[in-house]
Amino acid sequence: MPIIDYGQHAVQAEQRFFASKEISQKNKAAMTRYIAQYDVRPATRLKFFNHIRFLLEMLSDVERQMHDRELVNKTFAHFRKSLKPGYYATLVNVSKAFVRWLNDGDLPKGFKDVKGVGKKDQRRDLAPEDMWTWDDAKQFCKFVPSIQIQAALATQLDAGLRPSEFVDLNYGDVTIKRDVVIFQVREGKTGSRPVPCARCPPFFLKWYHAHPTRKANDPLWVMEFNGKSHPGEPSRKEFTIRRYEYTALLKRFRTIALKAGIRKSVDFYTLRHSSCTLDKLENVPLEVAATRHGHTVKYFTEVYARLDLDGIANRLRQHYAGSEQKLDVPKNRVCERCEMVNEPASQSCFKCGLPFSVAEILGLEKQRDDDVAELRKRTELLAGLQKEMVEMRDLLGALTKGKFEDSGKLDEQRFVVAKVKGK
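Oh and the sequence shown: position 206 is 205 in numbering that gives the first Met the number 0, straight run, nothing missing.
FYI, nobody ran anything at the bench for these hints, they're computed from the structure. Treat each hint with caution, since some may be false.
[As the list claims (entries may be wrong)] Taking CB as the label site, the calculated pair distances span:
hint	residue 1	residue 2	range
1	Gly310	Pro193	24 to 32 Å
2	Pro144	Asp38	43 to 51 Å
3	Lys114	Thr43	19 to 27 Å
4	Lys114	Glu281	48 to 56 Å
5	Gly85	Gly6	50 to 58 Å
6	Lys111	Lys297	31 to 39 Å
7	Pro144	Gln7	50 to 58 Å
8	Asp217	Asp103	26 to 34 Å
9	Val287	Glu223	42 to 50 Å
10	Asn313	Asp38	25 to 33 Å
11	Gly85	Glu281	41 to 49 Å
12	Asp103	Lys137	53 to 61 Å
13	Asp266	Asp134	39 to 47 Å
14	Val39	Leu249	54 to 62 Å
[Said to hold, decoys possible] Below are the EDC-like pairs computed for lysine to aspartate or glutamate, each with C-alpha atoms no more than 16 Å apart in a straight line:
hint	residue 1	residue 2
15	Lys108	Asp172
16	Lys350	Glu335
17	Lys95	Asp112
18	Lys279	Glu244
19	Lys258	Glu281
20	Lys46	Glu69
21	Lys205	Glu286
22	Lys20	Asp60
23	Lys25	Glu56
24	Lys297	Asp309
25	Lys263	Glu62
26	Lys330	Asp134
27	Lys73	Glu56
28	Lys25	Asp38
29	Lys114	Glu69
30	Lys25	Glu69
31	Lys20	Glu56
32	Lys176	Glu13
33	Lys376	Glu390
34	Lys205	Glu186
35	Lys27	Glu69
As the structure is a computational prediction, the values presented were derived from the model and not from experiment. We put the CB at the ideal spot given by N, CA and C, even for glycine.
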């Protein structure tokens, strides 16, 4: 599950630490002194308490035992075997910071022996073929009628948000700058940041304009079928806006991807890595790409995205070939009338119907002329039928009231009636 409120989770992690029976009172006293000066972001505080407990559960008196070089080396050798590389790397970092402070700024010899884990070794086990392409996103959208799910998948693949950042978005966190949509992350793991997106607007804006409330403080992604509490029950009259649950959204993604024949992982972090891959393949400026994803340029280039040999070769060709061989990325079409952003292949505006090409305009004019001619033809036919109906009504009225002067005239009128019926 993604962490929505880092502040609340940091407080809970600290409470669990001091309530733990596995940590000695001496270590808790040392921690109390340490956190008095520990002024960091809630996400960093959460990470610290979740990791430092491993060390303090193994060492009953860290202030004394941190100078035991052999014990420290054995302890971290155990951690290397039992923890994943990324988790172990964080444990090493927080442990060194903690004992350095306890030792008045000097790192004990045993901790100097402990080596960290390189960024490349911390990377997730993802291969280049696991990365989603924009064609995969379009294929996905063909198999789902919900414009919200289309927008959600396209937005995550373009923006590459952390799960908590994605779920936590509100309607008011979105700013539209013509053909670019900017999402404002308010309380992410690395603080707040703007995330500009230029690929997803054709899909996202359909949902943005169709949002059920359009209120700034309401969640951007809302639970569907909210009028029912259980499947099969009749819909209730009241409709409560609820934030889309992470697990429910992830389940929808996986179900639809399976129907679309996409045999790739559909978790949010795979889409985040895929977003970085798209930025690298399209040669988005490094500082822009790194900032979009909430990382430094160094971390972005070393850890995120998986390029195959073709992708690496194409980037190199673009670099040396100059502007003439730049990657031809299809541009979205912006409607001049309503400024709706449409897909590159669109022939007319999704929102107002304005045609984009001469062929589309000529086709609409021909359709209009054909419709006018057909309408005129039907109008003339209707007028003729109305005239005959009036004549028939008058004739039947005369027959009913017996206003014929002689049988000869009656026979003549019967002949007229038969003739009309024959029509």
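Checked hints:
1. For Gly310 paired with Pro193, a C-beta distance near 27 Å keeps the hint of 24 to 32 Å intact.
2. The hinted window of 43 to 51 Å between Pro144 and Asp38 holds, with their beta carbons roughly 50 Å apart.
3. Between Lys114 and Thr43 the C-beta distance comes to about 22 Å, which sits within the given range of 19 to 27 Å.
4. In this structure the supplied range 48 to 56 Å is violated for Lys114 paired with Glu281, their Cβ-Cβ distance being about 36 Å.
5. For Gly85 and Gly6, the Cβ-Cβ distance of about 23 Å falls outside the hinted range of 50 to 58 Å, so the restraint is violated.
6. The hinted window of 31 to 39 Å between Lys111 and Lys297 is violated, with their beta carbons roughly 24 Å apart.
7. Under the hint 50 to 58 Å, the C-beta atoms of Pro144 and Gln7, about 37 Å apart, miss the expected range.
8. In this structure the hint that Asp217 and Asp103 lie 26 to 34 Å apart at CB is violated, the actual value being about 52 Å.
9. At roughly 34 Å, the beta carbons of Val287 and Glu223 sit outside the given window of 42 to 50 Å.
10. Evaluation of the 25 to 33 Å hint for Asn313 and Asp38 yields a failure: the beta carbon distance comes to about 46 Å.
11. For the pair Gly85 and Glu281, the supplied restraint of 41 to 49 Å is violated, since their beta-carbon distance comes to about 28 Å.
12. Between Asp103 and Lys137 the beta carbon distance is about 59 Å. The supplied range of 53 to 61 Å therefore holds.
13. Look at Asp266 against Asp134: about 20 Å separates their beta carbons, and that is not inside 39 to 47 Å.
14. With their beta carbons about 30 Å apart, Val39 and Leu249 fall outside the hinted range of 54 to 62 Å.
15. A distance of roughly 49 Å separates the Cα atoms of Lys108 and Asp172; the hinted pair therefore is violated under the 16 Å criterion.
16. Taken as a hint, the Lys350 and Glu335 pair is honoured in the structure, with Cα atoms around 12 Å apart against an allowance of 16 Å.
17. Between Lys95 and Asp112 the CA atoms are separated by roughly 11 Å; this keeps the pair inside 16 Å, and the hint holds.
18. Distance hint between Lys279 and Glu244 is unfulfilled; the C-alpha atoms sit about 31 Å from each other, more than 16 Å.
19. Between Lys258 and Glu281, the direct Cα distance comes to roughly 29 Å. Violation of the 16 Å bound is thereby established for this hinted pair.
20. For the suggested pair Lys46 and Glu69, the alpha carbons sit about 27 Å apart, so the restraint of at most 16 Å is broken.
21. This hinted pair does not check out: Lys205 and Glu286 have alpha carbons roughly 30 Å apart, beyond 16 Å.
22. Simply put, Lys20 and Asp60 have alpha-carbon atoms about 14 Å apart, close enough for the 16 Å limit, and the pair holds.
23. Between the alpha carbons of Lys25 and Glu56 the distance comes to roughly 11 Å, so the proposed pair stays at or under 16 Å and holds.
24. Taken as a hint, the Lys297 and Asp309 pair is broken in the structure, with Cα atoms around 23 Å apart against an allowance of 16 Å.
25. Using a Cα cut-off of 16 Å, the hinted pair Lys263 and Glu62 is violated, with the two alpha carbons roughly 48 Å apart.
26. For the hint pairing Lys330 with Asp134, the CA-to-CA distance comes to about 14 Å; that is within 16 Å, so the pair holds.
27. Distance check on the hinted pair: Lys73 and Glu56 sit about 14 Å apart at the alpha-carbon level, within 16 Å; holds.
28. The suggested pairing of Lys25 with Asp38 is violated, with an alpha-carbon distance near 22 Å, which exceeds 16 Å.
29. Note on Lys114 and Glu69: the hinted pairing holds, with a Cα-Cα distance of about 15 Å set against a maximum of 16 Å.
30. A distance of roughly 21 Å separates the Cα atoms of Lys25 and Glu69; the hinted pair therefore is violated under the 16 Å criterion.
31. Restraint check for Lys20 and Glu56: satisfied, since their Cα atoms lie roughly 9 Å apart, inside the 16 Å limit.
32. Only pairs whose Cα atoms come within 16 Å are accepted, and Lys176 paired with Glu13 is rejected, the gap being roughly 42 Å.
33. A hinted pair counts as satisfied when its Cα atoms are at most 16 Å apart, and Lys376 with Glu390 does not qualify at roughly 22 Å.
34. A C-alpha spacing of about 26 Å is found between Lys205 and Glu186, which places the hinted pair above 16 Å, so the restraint is violated.
35. For the proposed pair Lys27 and Glu69, the alpha carbon gap of about 23 Å is over 16 Å, so the pair is violated.
Hints 4, 5, 6, 7, 8, 9, 10, 11, 13, 14, 15, 18, 19, 20, 21, 24, 25, 28, 30, 32, 33, 34 and 35 from the list above are not met by this structure, while the remaining hints are.
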